[in-house]
Amino acid sequence: MIHVENLQKSFSDLRRGQVTALSGVSFDVHPGEIFGLLGPNGAGKTTTLRILSTVLRPTGGQAIVAGYDVSKEPEKVRGHIGFMSCNTGIYDRMTAWEMVEYFGRLYGMEESFLQQRLESIFTTLQMQEIRDVLGSKMSTGMKQKVSIARTIIHDPPVMIFDEPTSGLDVLVARAVLKTIATLKDQGKCIIFSTHIMREVEKLCDRIAIIHRGQILAIGSRAELEKLYGEPDMEELFFDLISKSEAA
Amino acid sequence: MFVQWRNVKLILLRELRDQLRDRRTLFMVFVLPLLLYPTLGIGMLQLTMLFTEQSRTIVVLGEESLPPPPLLNGDRFVRTLFLDANHAAKLRVITASDILRQQQERIQSAVPETSEEERPTPSQLLISGREIQSKLATRNQHRLDLMAAVARNDEAETTRLRDSLSQIQTELSEMFANSGIQVLVIIPERFDKNVERVNLELADRTRTGSISDYPRPVIVYNKADEKSSVAYQRVTEAMNRWEDRILEHRLELAGLPKTLPDPVKPIREDLASESQLSAMMWSKLFPALLVIMSMTGAFYPAIDLCAGEKERGTMETLLICPAKRIEIVLGKFFTVLSFSISTALLNLISIGMTGAHMATLAQRMPGAHGGTPGFPPLHALAWIIVLLLPLAAMFSALCLSLATFARSSKEGQYYLTPLLMFTLGLTVFCGSPGMELTPFYSIMPIAGVALLLKGLLLNPQETMLYWYAIPVLTTSIGYSLLALWWSIDQFQREDVLFREAERFELRLWLRHLMRDKEATPSFTHAVFCFVTIMMLQFASFRFLANATITPSGELDAVQTLKVMMVQQLALIASPALMMGIMLTTSMWQTFRFRLPSIKMIALALGLALAAHPLSLMLAVGLQWFFPPLPDGIARLMEGMGDPKQPLWMILMAFALAPAFCEEVAFRGFILSGFARSGRAGLAIVLSSLAFGIMHMIPQQVFNAGLLGLLLGLIAIRSNSLWPGFLFHFAFNSLSVLHGRLGRQLAANPDNLHQNTFFYTVDGQGHVLYQWPTLVIAGTIFVGLIYLLVAKQGASGQPETIDSIDSQPLMGNVAMPRV
Chain A
0 MIHVENLQKS FSDLRRGQVT ALSGVSFDVH PGEIFGLLGP NGAGKTTTLR
50 ILSTVLRPTG GQAIVAGYDV SKEPEKVRGH IGFMSCNTGI YDRMTAWEMV
100 EYFGRLYGME ESFLQQRLES IFTTLQMQEI RDVLGSKMST GMKQKVSIAR
150 TIIHDPPVMI FDEPTSGLDV LVARAVLKTI ATLKDQGKCI IFSTHIMREV
200 EKLCDRIAII HRGQILAIGS RAELEKLYGE PDMEELFFDL ISKSEAA
Chain B
0 MFVQWRNVKL ILLRELRDQL RDRRTLFMVF VLPLLLYPTL GIGMLQLTML
50 FTEQSRTIVV LGEESLPPPP LLNGDRFVRT LFLDANHAAK LRVITASDIL
100 RQQQERIQSA VPETSEEERP TPSQLLISGR EIQSKLATRN QHRLDLMAAV
150 ARNDEAETTR LRDSLSQIQT ELSEMFANSG IQVLVIIPER FDKNVERVNL
200 ELADRTRTGS ISDYPRPVIV YNKADEKSSV AYQRVTEAMN RWEDRILEHR
250 LELAGLPKTL PDPVKPIRED LASESQLSAM MWSKLFPALL VIMSMTGAFY
300 PAIDLCAGEK ERGTMETLLI CPAKRIEIVL GKFFTVLSFS ISTALLNLIS
350 IGMTGAHMAT LAQRMPGAHG GTPGFPPLHA LAWIIVLLLP LAAMFSALCL
400 SLATFARSSK EGQYYLTPLL MFTLGLTVFC GSPGMELTPF YSIMPIAGVA
450 LLLKGLLLNP QETMLYWYAI PVLTTSIGYS LLALWWSIDQ FQREDVLFRE
500 AERFELRLWL RHLMRDKEAT PSFTHAVFCF VTIMMLQFAS FRFLANATIT
550 PSGELDAVQT LKVMMVQQLA LIASPALMMG IMLTTSMWQT FRFRLPSIKM
600 IALALGLALA AHPLSLMLAV GLQWFFPPLP DGIARLMEGM GDPKQPLWMI
650 LMAFALAPAF CEEVAFRGFI LSGFARSGRA GLAIVLSSLA FGIMHMIPQQ
700 VFNAGLLGLL LGLIAIRSNS LWPGFLFHFA FNSLSVLHGR LGRQLAANPD
750 NLHQNTFFYT VDGQGHVLYQ WPTLVIAGTI FVGLIYLLVA KQGASGQPET
800 IDSIDSQPLM GNVAMPRV
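Just so you know, the protein sequences line up as chains A and B, in that order.
If you count the first sequence from 1, position 87 lands on 86 in numbering that gives the first Met the number 0, and the numbers rise without skipping.
If you count the second sequence from 1, position 783 lands on 782 in numbering that gives the first Met the number 0, and the numbers rise without skipping.
Among the clues, some could well be false.
[Said to hold, decoys possible] So the derived label-pair ranges between C-beta atoms look like this:
hint: 1; chain 1: B; residue 1: Y413; chain 2: A; residue 2: P39; range: 27 to 37 Å
hint: 2; chain 1: A; residue 1: D91; chain 2: B; residue 2: Y413; range: 46 to 56 Å
hint: 3; chain 1: A; residue 1: D91; chain 2: B; residue 2: G620; range: 52 to 62 Å
hint: 4; chain 1: A; residue 1: H29; chain 2: B; residue 2: M586; range: 27 to 37 Å
hint: 5; chain 1: A; residue 1: S165; chain 2: B; residue 2: R20; range: 24 to 34 Å
hint: 6; chain 1: A; residue 1: D91; chain 2: B; residue 2: L34; range: 18 to 28 Å
hint: 7; chain 1: A; residue 1: T139; chain 2: B; residue 2: P417; range: 34 to 44 Å
hint: 8; chain 1: B; residue 1: R20; chain 2: A; residue 2: A246; range: 51 to 61 Å
[Claimed, not checked] Derived contacts from chain A toward chain B, CB cut-off under 7 Å, selection only:
hint: 9; residue: P30
hint: 10; residue: Y90
hint: 11; residue: R92
hint: 12; residue: Y101
hint: 13; residue: R104
[What the hints assert, rightly or not] Heads up, simulated BS3-like pairs for lysine-lysine below, C-alpha to C-alpha not over 30 Å straight-line:
hint: 14; chain 1: B; residue 1: K8; chain 2: A; residue 2: K136
hint: 15; chain 1: B; residue 1: K8; chain 2: A; residue 2: K142
hint: 16; chain 1: A; residue 1: K75; chain 2: B; residue 2: K8
Keep in mind that the hints were calculated from the coordinates and are not lab data.
Glycine included, each C-beta is placed from N, C-alpha and C at the ideal position.
Next up, chain A with everything else stripped away, as it sits in the complex (with noise of 0.2 Å):
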C-alpha cells in the first residue's frame, strides 16, 4: 500500500545553509498494518510523512501510495489517504459538522452517502453534543476527535499519523490510539510517528528508527529485539542514535 525507495529531500535554510532532511529512505507498509516511525525531533519523520501527503515534493526518490505516485498524481494520493497531524487544526468559524461535511465533499463523496457516514461517525466517536459547537469554542479533545472525522470521513484505504498526540492530555491521546487500533482492524495501511516509545510498543506491527534523514533500524519488535539482542526498546532507540551521533 506504502512503498517508499530511497527518498531523499533537501531545502536551503537560513542558519544552516542547505539541509538534507531525508537522505535515501525506504520502507514498504502493508494494509491492516500499523508501520510506527520513531525518531527524535527533526530527524525527518514529519518531512517523510509530508512527502507521502504529497504536500511536500521530493528531491530525489519515489513513493507509492495507495497505488499512485506522489510526485505524478498528487490528487489521486490524496484522494486516499488520511492525513493528521498537530498542524492539521481545524477552522474556528465553522462547527464540527460542517468542518467534517465540507471535507468529505471535497473528497468528492456522493451526498447521501455523505449524510449517513457523517451520522454514523459522529456517533462512533460520541460527537454528537458537538455537531453544531463552532471549531472556536471546542476544547482540545474535542478538536482532536473533528480532526479524526475529517481524517476518516471518506473512508481512505491509507492513514497517515503525524504525531496525532502530541500536545493531549493522557485521556485523550488513550482515546485517539485506540481509534488507530480500531482503524487497523479495519484492514487500513496505518503509518504512525512518534517519539514516544511506549506508543510504539503498544500499538505498532513494524517500526522504523529514523535519525537525521536516515533508517538506522527496521523491523518487527522481535526481529529487532532478535537482531540487537536488546529487548528493551528504548535502550535498543538510544543505542542506536548514540552510535549514529558517534559515527
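Given chain A, put chain B in place with the hints provided.
Leaving out everything else, chain B in the frame of chain A:
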C-alpha cells in the same frame, strides 16, 4: 492544468461563509462604509454650525488720523466692510482711545483693572505695538544707512550695518511673536490730512504740477503663523473695501466717474451647468474611491484567508484535501474578489447617497449658492462596474500573493501596507487637475482605470474615451491574470507555504551570505543588485545633471559624455562586479566570461544589423504613444548626433561603455541570478524588465525591454557575455551613426526629401527605412533567431548551460539540457 470547478465552488462558498462569520470583516466591508459617510456628513454639518473662530487681536496705532468714512466701530471693524458681516466679530481691535474709554467706564463702575489671565491686557498690547513701531523705524533708518554705505563703498560700515540689520530683524520677529498681537496696523501721523489734501488738489482743475505722495499705513503680520495670517486676510478685506470708499469719495469730489480705476473690468460669464459641476465633483471623488476601496476590500479578507489560515494552523488541513492548489487559490481568489467588489460598490453607493442628501440640505440652508450635485448619469455607473471588475481582480490576486507569503496576519499587514501606500500615491497623482488619459497612461496599471473613469464622469460625450476603454480593459485584465498567476505560483512553493518562523538577524544573514556562497548568484541577489543599481541612479541623478552643465548654463557636450561613461562604470558595472566578488564563488560562471563560438559572434552581429532598422521604425511608429521626451534628454540626444563631437568619443560613451557595463550587470549578474529559478524564459523576461525599467524614460523602457529579451536569449543560448556585448555595441553604434548621418544630410538641402526603394530622407534629414528594407531585415532577423534557438551550435559542441537546473524550461524557448 485541468480545474475542477466543483472544488473551486466548494472552497469559495466555505470561505465566504467563514468571512461572513467574522465580525471584523463584516464591520470593515459592510458596516463601516454604510455608517462612515453619513456619520462624517452629520459631523461636518454639526461642526460648521458649532464652529466658532476665536477672535484675533488687532492693534491699531494712530487711529485718530484715520480719514472718513469710519473704519473702526469701538473695538471692532465696521461690519459693512466685510462680505460676511459676521467676520467683524472675529477681530478684536485695540486702540488707545478705546482703552481710554474703557478705563473711564471702569472708574465709573469702580471695577479695578484685573490681570487674572496670562493674556496681556489691552494696555500692554498697546505698549508692545508701540515698541514694534519704534523698532520698525530703527530698522528703516538702518536700511537707509546701509544703502548709503554701499553707495560710498564703505566695506567695514556695510558689514557692520548688515549684521546689525539682521539682528534687528530677528528681534523684530521675536517681539512680534511674543506680543500677543496678530496684526498691527500703524496709521502714520496726519494721514487723514494728507488724504484730504490730495482729494482737494485733485478736485482743483486749475492746479498744475504733480501731486506729492504721503506716508502710507503699515500692516505688520507673520505669514508663517496661521492665526496671524488669517487675521491679516480679514483686516485687508476690511481695509480694501474701506479704501474703495475713500476712492469713491475722492472721485466724486474731483467730478470723475466711479469707473475710473477699472477701465477694463470684464464681465464674467460662467457657462458651467449644474450637472457639469456635479460631474466634476464625482470625477474627482469616484475614481479615487473606487481604487482605494477595491484595494481595502481585498486587503483584510486576503490576509485572513492566507496568512490567517497559516497562523491558525488550518493551511495544511486544506492542502491535504484532494483539491489542486490552483483550485484552492481560485476559490480564495473569488472570495477576496467578491469582498473587494462589494466594498467598493457599497462605499460608492454610500458616499453618493450621503453627498446627494447633504447637497439638498445645503440648498435649503440660508445663503446657499449653487445647485444640487445630482447623481452621476446611469451609463457612468455602468462603466464603474465594468472597470471595477479587472481592477478588483488585480488587487485581489496581488493581496492574495503577498498574504500567502506572510506567515501571520501581522506579517501580512506589513507586506500589504506598502501596496496600499503606493495605490494611494497613484490615486492622488491621477486625481490632480489636468491629468488626462493618454495612450501611455491607458496601459498603466490602476492609473489607466482611474483616468478613464475620471474622463467618463467628466465628459461622457468624448468618443475618444470609448476607444481608450479597449487598451485599458485589455491591459487591466492582463495585469490581473498576471497577478493571479503569481499567486498560484506562490501557492505551489514549499518554501512559501512552510516558512518556519525563523528569527531574522542581520548578523546571521550576513554570515549566511558569506558562508553559503554558490557559483552563481541567487534570485534574491539578482533583485538586490537591480534595486541597488536603481537606487544609485536615483541618488546620483541630481549630481550628474549638475555636472553636465557649464558655468554659463549650457550643456557641455564633452563633459556630458565623460560623465556618462563614469556613471555607467561606477553605478552599473561596479555594483554588479562587486556583488559578483562578494556573493558568488565563480565570477567566470556568473558573468559568463567564457569565450563564445564563432557562430555565436556571427549571429550576434547579424542580429544587431537586422534589429537596427526594425527597432528604429518601431520607435518611429510608436512615437504618438509615448509622452514627449523631457527637454534635457532631447538635447542630449541631439548632442549625440552632433558632427562636431569626435566620433570615437561618442561611440565610447553611447556604445562601448553601455555595452560592457549593462551587459555585465544585466546579462551577467542579474540574469544569472534570475536563471537560478530554473526557468530560463522567466529569467530572460525578468532581466529584460529590469533592464527596461533602469532606462527610466518610457520610450527607452519599451525599447530596452525588447532588446533585453533578445540580449537575454543570446546570453542564455551562447552562455557567454561576449556575443551580447558585441550585439549591444553594434546596435548602439548603428543608432549613433544613424543619428550622425541624419545631421550630415540635413546640412545640405539637396539631400533632403529623397525617396528610394529602400529608404527615405525626411525634411529634417532623418533616414527612414522603407518596407522592403524592413521585410529583408525581418526575414534575416527571424532566420537568425531560429538559428539561435534551434539545436546545438555548428561547432558540434552543445552550448553548456551550467547555471540552469535540469528542470523543464518554460515557454517556447526550448533549451537542450546538459
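Now the hints, each set against the structure:
| no. | hint | in the structure |
| --- | --- | --- |
| 1 | B/Y413 to A/P39: 27 to 37 Å | 35 Å, holds |
| 2 | A/D91 to B/Y413: 46 to 56 Å | 23 Å, violated |
| 3 | A/D91 to B/G620: 52 to 62 Å | 58 Å, holds |
| 4 | A/H29 to B/M586: 27 to 37 Å | 55 Å, violated |
| 5 | A/S165 to B/R20: 24 to 34 Å | 29 Å, holds |
| 6 | A/D91 to B/L34: 18 to 28 Å | 26 Å, holds |
| 7 | A/T139 to B/P417: 34 to 44 Å | 38 Å, holds |
| 8 | B/R20 to A/A246: 51 to 61 Å | 55 Å, holds |
| 9 | P30 | 20 Å, violated |
| 10 | Y90 | 6 Å, holds |
| 11 | R92 | 4 Å, holds |
| 12 | Y101 | 6 Å, holds |
| 13 | R104 | 5 Å, holds |
| 14 | B/K8 to A/K136 | 27 Å, holds |
| 15 | B/K8 to A/K142 | 26 Å, holds |
| 16 | A/K75 to B/K8 | 20 Å, holds |
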